[in-house]
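Letter by letter, the chains look like this.
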Amino acid sequence: MGLSREHDMHKRRFGRNLGLGLVLVGFVALIFGLTIAKVGQENFEIPNSEKIGSDE
Amino acid sequence: MTDASLNASETGLGEYDAGFGDYFALLKPRVMSLVVFTAFVGLVAAPGGVHPVVGFAAILFIAVGGGASGALNMWWDADIDRVMKRTANRPIPAGRITESEAFAFGIALAGISVVMLGLAANLVAAGLLAFTIFFYVVVYSMWLKRWTPQNIVIGGAAGAFPPMIGWAVVTGGIAPESVLMFLLIFMWTPPHFWALALFMKSDYETAGVPMLTVTHGRKSTRKHILVYTVLLTPVALALGFTSIGGPIYLVVAVLLNLAFLKGAWDIWRRDETMAQADAYRTEKRVFALSLFYLFGHFLAILAQAMLAPYGFGGW
Chain A
1 MGLSREHDMH
11 KRRFGRNLGL
21 GLVLVGFVAL
31 IFGLTIAKVG
41 QENFEIPNSE
51 KIGSDE
Chain U
1001 MTDASLNASE
1011 TGLGEYDAGF
1021 GDYFALLKPR
1031 VMSLVVFTAF
1041 VGLVAAPGGV
1051 HPVVGFAAIL
1061 FIAVGGGASG
1071 ALNMWWDADI
1081 DRVMKRTANR
1091 PIPAGRITES
1101 EAFAFGIALA
1111 GISVVMLGLA
1121 ANLVAAGLLA
1131 FTIFFYVVVY
1141 SMWLKRWTPQ
1151 NIVIGGAAGA
1161 FPPMIGWAVV
1171 TGGIAPESVL
1181 MFLLIFMWTP
1191 PHFWALALFM
1201 KSDYETAGVP
1211 MLTVTHGRKS
1221 TRKHILVYTV
1231 LLTPVALALG
1241 FTSIGGPIYL
1251 VVAVLLNLAF
1261 LKGAWDIWRR
1271 DETMAQADAY
1281 RTEKRVFALS
1291 LFYLFGHFLA
1301 ILAQAMLAPY
1311 GFGGW
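Heads up: the sequence lines are chains A and U, in that order. The numbering of the first sequence is my numbering, which starts it at 1 and goes up by one. The numbering of the second sequence is my numbering, which starts it at 1001 and goes up by one.
Among these hints, one or two may not hold up.
Unchecked claim - Below, computed lysine-lysine pairings styled on DSS-like, alpha-carbon distance capped at 30 Å:
| id | chain 1 | residue 1 | chain 2 | residue 2 |
| --- | --- | --- | --- | --- |
| 1 | A | K11 | U | K1085 |
| 2 | U | K1284 | U | K1085 |
| 3 | U | K1262 | U | K1201 |
| 4 | U | K1028 | A | K11 |
Calculated from the structure, these hints are not laboratory results.
One chain only, chain U, in its complex shape (with noise of 0.2 Å):
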């Protein structure tokens, strides 16, 4: 028996043997970038401060959660991956890794990312990264997911925890500030993520996944994205007014928050023989200026507290 063969008996996968890179596509590296970032403005804008090493390994073990919380959804996930185009080369139904490698990479990294996060942090901190793995994987993965449309709405949660782990870093504790960081996450991605499911030729219906373009049509997907971002605006302008709020975060916010609404109203007063004549232009634009809109929100708080100390701080 050769080395081959008897890797292939050993996992049924053939010939291939993962690399280092498909163990770190399994920590979905894209969406760990927005966790770093967040998590990274929540922990500089908080009051007080912890020794560099300590943020930067705090930091790590937020975006090692993150990235857990990411290889265990493809574990579960498995089989919808391979039924949609867009994740069929995703390393589990592409062949080169097992659901239960994946399963105990997660588990693995979950459980490390969480202890050492508490270790170089605190409990409340590790606490929150421990529910934000769980709210996830158990509450959006295996629950919501399939379940109802509004999944996104609600599994939005989970990638709106870093800013509140990052704040609590220094705190120890949670606050009205860290809170109306999470909330603005939490209300932008359903406008965010539904502005790109208007113009995505997506397979999720073949997967049996409920979104709300096809379980509600797109004209009410239209509405829902209007309405998301009206609701949207008062707590991006309420994080203004807070202590890592103040003029430079304010104008940004406004600035940005008329630019979204107008872009949700355009979107809204569109139907499909309009949006398919211009091939989801205004669809499109919308989605580039959501991503632009939280980042543009976040490094004004960052801006904010790195200038505090020459007198353009907060009020």
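Pulled out of the complex, with its shape left as it was, chain A reads as follows (with noise of 0.2 Å):
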């Protein structure tokens, strides 16, 4: 059976490609968020970095 460009399956197939693609996206953006939500609240330290060199 040969397919044509317009067939069904090329459809679900972009549609299934692309929304995927928007939940990657999505993904990332929500991750640079979290980020910027995490890194600018007033207790923020970075985990445990001064007391490892205090110690040493």
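Join the two chains, each given in its own frame, into one complex according to the hints.
In structure tokens:
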């Protein structure tokens, strides 16, 4: 069976790929937002780095 | 070999290639909406607060965890879903997604949601989410559902955890308030579900799932609804006297519980002849009321929390 470019399967695959792409872009944006939110907190400190330095 | 035949030989699904919506359907979006709402209320009602982005991410990962449970449930119950008319069009029985794909999808999402919630919030919230997924998939789907007519009673716990998780996102722990929110959904699930079972023509029997209406009869189911509704009332009212309760919540809770008790009483007093005569009007009304009941309680908790800064808060 030959497939034309307009075949339904291509449309579904495009929709799936587009959806997944948007989810991934959203995930990256969320991680970026989380990073900014956590680093921007008043009580933020780099975990243990200074303590490790003072122990040595 | 064409694209389609290659696909068919690999998956055994024929020509159909699942779309994005089919994968989304695996997450049981309607159930997810309840998870999102109750988790959000738990998060907002908790003392203290989190950065809005952290809160948003936490709710999202809780929702994804709930969706993962749904996908794994559909993977395990694919044989039942094929038999029952209501579920025959789900992605797996309809042949749009294979069982192994659904399993992989569910496991991947479960892992991602738990790890990400742990990173975004804290380990207690992540642990509770992991336990919720385990409880729904293993305890409810794999063990209880096909074994006991009390499946919905114990299995309902899985749907009751989200407000506890939302609370833990903020506080990093468990408190009487969060346990009571859990108990509110836990005790509400049986009467809600059994009211539906009374008027919904279902083929659980054909699928070999022991439902109370079949194993103990409809008269016994009516009695169970009344008993569980009576047991639910003190839980709902007790929440009103905690730190997240208050006058608004208490007024709403009293009214809703009176209405729900009246509905359960009406159901108990009826028999099948009466119910069939008016096409299960009371049962349908109580089912609709049960949805409003849960929504109303959590909305009242939310209102108490939101109005607190303006002097309309709790006690």
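Each hint, compared with the structure:
Distance check on the hinted pair: K11 (chain A) and K1085 (chain U) sit about 28 Å apart at the alpha-carbon level, within 30 Å; holds. The hinted pair formed by K1284 (chain U) and K1085 (chain U) meets the criterion: a straight-line CA distance of about 20 Å does not exceed 30 Å. With a C-alpha separation of about 24 Å, the suggested pair K1262 (chain U) and K1201 (chain U) falls inside the 30 Å cut-off, and the hint holds. Straight-line distance between C-alpha atoms of K1028 (chain U) and K11 (chain A) comes to about 24 Å, which keeps the hinted pair within the 30 Å bound.
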